[in-house]
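Engineer: Chains as they are written, first to last, in this note's numbering: chain A, 1 to 63; chain B, 1 to 231.
Just so you know, these hints were derived from the structure itself, not from any lab.
Honestly, I wouldn't trust all of these hints.
As the list claims (entries may be wrong) - Looking from chain A toward chain B, a few residues come up when the C-beta cut is under 8 Å (computed):
#: 1; residue: W22
#: 2; residue: T26
#: 3; residue: A27
#: 4; residue: F36
#: 5; residue: L58
For glycine and all other residues, C-beta sits at the position ideal for the given N, C-alpha and C.
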Amino acid sequence: MTSAAAPVPVPIRIPVREILPWAAFTAILSLVLLYFVGSAQGADSMIHEFVHDGRHLLGFPCH
Amino acid sequence: MAAGLLAAVLAFVFASVFGEPQVDNAIAVEESTAGHDHGDAGEVVSRGVQSTLGLAVATGAYGLAFGGLFALAFAFAYGRIGTLSARATAAVLGAGAFLTVFLVPFLKYPANPPAVGQGETIDERTTWYFVMVLISVVAATMAAVLARRLAPRLGNWNSALAGALGYVVVMAVIAVVLPSINEVPPGFPASLLWDFRIASLGTQLILWAGIGLLFGVFTERRVRRVAEVPG
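Pulled out of the complex, with its shape left as it was, chain A reads as follows (with noise of 0.2 Å):
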């Protein structure tokens, strides 16, 4: 009669004020990746053309 099935755990809010300080972080971290890899159009030379084909295929705009 014992029933072996896992516990399925309650979800659970994680409280905002607790995700803000990584929301922050990592927000930035992951814009400047962003950034380096969609739009470095500036920065013409090595870095553009490095992630040239990336940028094509994940549907950034490129000449």
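Starting from the known structure of chain A, arrange chain B on it as the hints suggest.
Structural biologist: Frame of chain A, contents of chain B only:
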């Protein structure tokens, strides 16, 4: 919820790995494109490097960035969209992110292979593309919040439908309002354009499916382990 963040690290490293095989397939399309007329600009970085290492770094960085943002979105969403499990939350979120971050902007401003698009308008096109993505993400977030507010009155299913409808209406209006861009040169092979866009779509689909599902696997495992430890 350090566990969630730890899982996020694994998930987005995995996700970028996951996306690579698809990217490799797409390189074939890319390179046949380059053969048409892209070789005139004076190569700063060789095609060989661009199509392998450069692509890997670009995809990796993209996966990394969105993996991080995904973990954040998950932290906000978990326990707030109904009583979905961690796995289901991650899957729903992954699908939603694919739609809002990529697919909807893609419908308006589709990915273009090299040789399509004029160099002079690159800034303008980049700006509109990012505007489109930004609006899409904001609209989707608002739709999700709205759906949650309506849930007690309409029930979960109907409120989700209402939120989705609101998002679709907003984005339809936005798509009409924003300027259209069509710079496909005359004579550019249509099948090649199609193949490229499908490859682009596939790459994004794999990436987001990878992020959503792997994040779910890691987080679910972690949450269960934590739940099994008494006290």
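Engineer: Hint by hint, note whether the structure agrees.
Structural biologist: To see whether the hints hold, each was checked on the structure:
Taking 8 Å as the C-beta contact cut-off toward chain B, the hint placing W22/A at the interface holds, the least distance being around 7 Å. Taken as an interface hint, T26/A checks out: its beta carbon lies about 4 Å from the nearest beta carbon of chain B, inside 8 Å. Satisfaction of the interface hint for A27/A is found here, the shortest Cβ-Cβ separation to chain B being roughly 7 Å, below the 8 Å cut-off. Taking 8 Å as the C-beta contact cut-off toward chain B, the hint placing F36/A at the interface holds, the least distance being around 6 Å.
A cut of 8 Å between beta carbons decides the hint on L58/A: the least distance to chain B is about 6 Å, and the hint holds.
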